[in-house]
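*Asks:* The primary structure of each chain is shown beneath.
Protein chains: 4
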Amino acid sequence: MTKPLIFLDPHPRNEMMVYDQATEDTLNQMGRVVAHFGSRAPDHLVDDILSEVEIIIGQTAMPKERLDRAPRLRGILNVKANWEPNIDYAEAHARGIHVLSAAPCMAPAVAEYCVGQAIMLARGLHTSDGLFRDGSEAYGIAGNETAYSLYGADVALLGYGNLGRALAPLLQPFGCRIMVHDPWLSDSYLRNEGLEPVSLEHLLTRPKFIFLLAGVTSENEGFLNRSKLETIRPDSSVILASRAEIVSFPDFVELAGEGRFRAAVDVFPQEPVAPDDPVRMTPKVLYSAHLAGGIRPSYARIREAMLDDVGQILKGLPPLRMQRAEPSLAGKMRSR
Amino acid sequence: MTKPLIFLDPHPRNEMMVYDQATEDTLNQMGRVVAHFGSRAPDHLVDDILSEVEIIIGQTAMPKERLDRAPRLRGILNVKANWEPNIDYAEAHARGIHVLSAAPCMAPAVAEYCVGQAIMLARGLHTSDGLFRDGSEAYGIAGNETAYSLYGADVALLGYGNLGRALAPLLQPFGCRIMVHDPWLSDSYLRNEGLEPVSLEHLLTRPKFIFLLAGVTSENEGFLNRSKLETIRPDSSVILASRAEIVSFPDFVELAGEGRFRAAVDVFPQEPVAPDDPVRMTPKVLYSAHLAGGIRPSYARIREAMLDDVGQILKGLPPLRMQRAEPSLAGKMRSR
Amino acid sequence: MTKPLIFLDPHPRNEMMVYDQATEDTLNQMGRVVAHFGSRAPDHLVDDILSEVEIIIGQTAMPKERLDRAPRLRGILNVKANWEPNIDYAEAHARGIHVLSAAPCMAPAVAEYCVGQAIMLARGLHTSDGLFRDGSEAYGIAGNETAYSLYGADVALLGYGNLGRALAPLLQPFGCRIMVHDPWLSDSYLRNEGLEPVSLEHLLTRPKFIFLLAGVTSENEGFLNRSKLETIRPDSSVILASRAEIVSFPDFVELAGEGRFRAAVDVFPQEPVAPDDPVRMTPKVLYSAHLAGGIRPSYARIREAMLDDVGQILKGLPPLRMQRAEPSLAGKMRSR
Amino acid sequence: MTKPLIFLDPHPRNEMMVYDQATEDTLNQMGRVVAHFGSRAPDHLVDDILSEVEIIIGQTAMPKERLDRAPRLRGILNVKANWEPNIDYAEAHARGIHVLSAAPCMAPAVAEYCVGQAIMLARGLHTSDGLFRDGSEAYGIAGNETAYSLYGADVALLGYGNLGRALAPLLQPFGCRIMVHDPWLSDSYLRNEGLEPVSLEHLLTRPKFIFLLAGVTSENEGFLNRSKLETIRPDSSVILASRAEIVSFPDFVELAGEGRFRAAVDVFPQEPVAPDDPVRMTPKVLYSAHLAGGIRPSYARIREAMLDDVGQILKGLPPLRMQRAEPSLAGKMRSR
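Protein chains in written order, with the UniProt record's numbering: chain A, 1 to 336; chain B, 1 to 336; chain C, 1 to 336; chain D, 1 to 336.
Keep in mind the hints are simulated off the structure, nothing from the lab. Keep in mind that a hint or two might mislead.
Because identical chains cannot be distinguished in the list, a pair is counted as satisfied if it fits within a single copy or across any two copies.
Straight-line Cα separation of at most 27 Å, DSSO-like style, residue types lysine-lysine; simulated pairs [stated by the list, open to error]:
hint, residue 1, residue 2
1, K315, K64
2, K332, K315
3, K315, K228
4, K64, K80
5, K3, K332
6, K80, K332
7, K284, K332
8, K332, K208
Just need the whole structure built from these sequences, with the hints factored in.
*Replies:* Below is the structure:
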């Protein structure tokens, strides 16, 4: 029996991220591997494999006409964390092709980062070192006048997808009351998860911690505009963790710079940020350069989950680890 | 029936910390309150209350000759987090006087701070903002070359008292393997708590995260000397959270400044640190000015626990919330 | 706009189970409801609704030719806990119709029952009352010679689906080591869930508690035959909770009756069991009459989950609460 | 240096329970052991060891005059689960002697038993087997008309000591709302434990599950009299787990026999119960012969905890595993 054809086209993921030696060995045991790195696979290479390919690992464009030419295709494993618009999700679903993303594998690292950022903002850990080095530190309670804590805090999650599900357990031992606004989830589902469904208005005005975890869709781009941002409870700690496009970014940074709320920003509308972008000068914001998710252990998780689910699919079993595309939703997502 | 005499002598705690209006009202319901703030109560004031006092809240020196003159005394509630050497612990115990400290009330805030510090050091959150503002940031995995994570990490606690017991649950959802070295606790006790007892050597050389949480005793001052510190696993994140005196401080800071390990330092041998202390210039260390414990919610916890335990003691019941002095150990502790 | 047509055909579920007043009211708000109770809906009624129906709640047979006539159908919510062979799962999937079952709603009640049965068998609670009433009781350790405990026990789950996922959290505070054998799940998936994947041989021979939780498929009927059952660790507690057909039932009961292992049996090959079935006389087995899942709170969960998911589907959103059919697996299940 | 003298006088505990070979070996490493089994040690033997004994393991009577003759005594480790009135607790405390009991070691087994009993009563598992054997079983919901569940239930604990602390975590995954009435504990302490402090009236009239876990003191004997028992919410499941003396036993059994509430009874005013005691004939009650705590793993826990704490005490460190006598409370306890 011929081994199944597995096609790797993971750019911008590189070999170190998704194809280390152990991964290569395992994939070679499971199938015949054709791999292309460094760019999206050229058309002729895709044309070559379509008639036989059973598994695609990567972000190869798969519109209907390509799916039509791939009769043996059983799984498309997107090793990025978001849904690209280059797949015909409905058609793939109709053909019983599993379309998966690696979002759950990046979520733990992002959740950890979010906890770090939240504690820094609330407890003043982003400024304590500078104050000490300047000799302008104050000790104990005198230095803690504006400090607050996650313990027992009201916390809001805007969006309860992979990131929210990874973050909630980290907040649990702090005894937080966790509110969620997610228009894709029903109130009783959230309550069964031990979360409190709230309106967007409530989410902005009540809690002391707000984690912005929603993806960008064709419907929500920039929906957190200036007037909404101005309703945020003063002095709250706001962590922008998923996609910069969900907020009106200049307003968000400006309000944070004015001290209207505390903010941590890891994602930007354009990356890299231009050298002379004034955003770099805005005071008070805690910046980082899209560092929350992309650490080595996240790629190890991707490799493990990917191998697991390739194995399941080739056995005719449902995938277990990566996230399945919801045809009704994946098409709405806006990727870069 | 005369109401019991309650004596408040909480300096350096002030009224805002331990005697807000609600606390004052509750104590006045339970007894006749004599309070002194701003300094340790003068001798004549102590002399006045000894014969009748039933509860002392504060750090009044209580050597045997004063205990001898306080026949009705039932509880001494130290509202600081450590044991001072100014009490005859054995004599108080023999008289059935409950001697308590507020250490458990400060521990959650310290544990939260420790988690923040650990994530900062491991994930580079103490430097990301500066790099971004300098325009020298790298994005994603390129900026994460030296990043590591708490998830699944080997973590060590030096000392498993109030701080360790508050910290362990915060680490639990990260799936850490938690090692403890504490010469006052038996191995099987630690194993029953789900912790791994390890030698000091093992604690320094193996884990990627080390939390220094031990108190200072007459026996352990400076015991983490340069040669021991040099065995720490390279690039580990070391959080000095309890008392600076357990390490050879100049060596600790020097090694951290050389990048031998990553370090967060919240406590110092002398506080405030002298303006020209060279420690302020040491690079790489993440400093803060003894800010980990002393936030408002910690004082709210102290007030609540103190009222609870005064109530219990006055009813002839055991205290529940504050920590009880172990006569065999309290006398060994070194306070400032 | 016309309200969507919702068709109820839930037999053998009756109105009390799935259509109480509150449910009726909510469904009527969401759509036009056509309901049939007391038998499977007759063909002419189904024929009447097919062209317009958007949601089917119940077990209506839906082969391809009916799906072809139901162009607006978006969801089939089977309110039983298993997959019937009367749906063309692949075709429904290809059409983007959500096919759901209520299995997750019954699982908590079954898991609770399993815990009760396991403690009874291990601790002798199924015999203690009779011994006491006979006057042949022994007190304390003398009466506990054969007792054992869930604390720290090796526990095995045969099958880790809805029942396993409901049972595992109930075992967690006992500190059990939980082994799983489930050929549909990968080892690394199970390890990530904190479970230990084991072979069937290991599952039978090692642990002291075995929970039989697998569904019946065309492949596994009767696979726990006499020779396999004879390898069970002597004196283990074996709980038969899902489907009697996975074991060779006469052998299972006979071996349990001989004291080869302890057994609780809630499910039978034929229900009701014949009045003169010799199984009724077999000593030692702890019997119950398929009582584990079907309690009132289970039906309340079904009603809530069903309303939730009807709401999601009608909004074009993914269902959240009920279980989705895996086309590759649902077709293998054997229902009665 | 002479090894410390350790005296064993554990009757009614026997060698199998507290002095297996491994325990004997460890104790012999730590000290010189003098042991007496089969009865309380005779006076002359006690007289012989008093002047040198450092550790007593057992229930030796230790009034003041004996304590006066035991100047080196540092610990009394009662290997039963209750406080006997034969020790001068205040005097022992004043001398700095650790007085401990094994109650925490028996609690897990009792808690497990309680969960089993509660599920049996609520789900009908105490009658299902008999009904099936009689051929009078009903299947599924028809057989579950009076069944209810622990999931989401209101549960009450009368007394929150060792048993309550062991039981609460087992109830946690069922999502129970746990109410506690315990006059020795403050409301805010209970709230901090995640429990709801309630009055005795509330405890009897509201919840569906009542666990009677209180010890007997000179103050509470028989305090749950007929008029109080008659206020119990009809059809509740009441588990009598600690001491029969806290209820008016004949009334309790009579009311349960009449079906006023469901009841499980493991403890009796006199044990063994007389052969002709009419209590044996009372219908409906689920009886067991004081089997909840005394299983082998409980004794293993006692041995481990005892060795741990002997080791701590001999090192001058506080004990960690066994329960410390509260002088103000231990004297109130009524043992048999």
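*Asks:* With 27 Å as the alpha-carbon cut-off, assign the pair K332 and K315 to within, between, both or neither.
*Replies:* between (31 Å within a copy, 14 Å between copies)
*Asks:* Using 27 Å as the alpha-carbon threshold, which applies to K80 and K332: within, between, both, or neither?
*Replies:* Only inside one copy: K80 and K332 sit 17 Å apart there, 33 Å across copies, limit 27 Å.
*Asks:* For K332 and K208, with the copy left unspecified, which applies at a CA distance of at most 27 Å: within, between, both, or neither?
*Replies:* Close neither inside one copy (31 Å) nor across copies (42 Å); limit 27 Å.
*Asks:* Could you place K315 and K64 in one of the four classes (within, between, both, neither) given a Cα distance threshold of 27 Å?
*Replies:* both (25 Å within a copy, 26 Å between copies)
*Asks:* Is it within, between, both or neither when you check K3 against K332 at 27 Å Cα-Cα?
*Replies:* between (36 Å within a copy, 25 Å between copies)
*Asks:* Between copies, within a copy, both or neither: which fits K284 and K332 at Cα up to 27 Å?
*Replies:* Classified as neither; 34 Å inside a copy, 45 Å across copies.
*Asks:* With identical chains, the pair K315 and K228 could be close in the same copy or across copies; at 27 Å between alpha carbons, which is it: within, between, both, or neither?
*Replies:* between (49 Å within a copy, 26 Å between copies)
*Asks:* How would you classify K64 and K80 at a CA-CA limit of 27 Å: within, between, both, or neither?
*Replies:* Within one copy only: 21 Å inside, 36 Å across.
Consistency with the previously given hints fails for numbers 7 and 8, ordered from lowest to highest.
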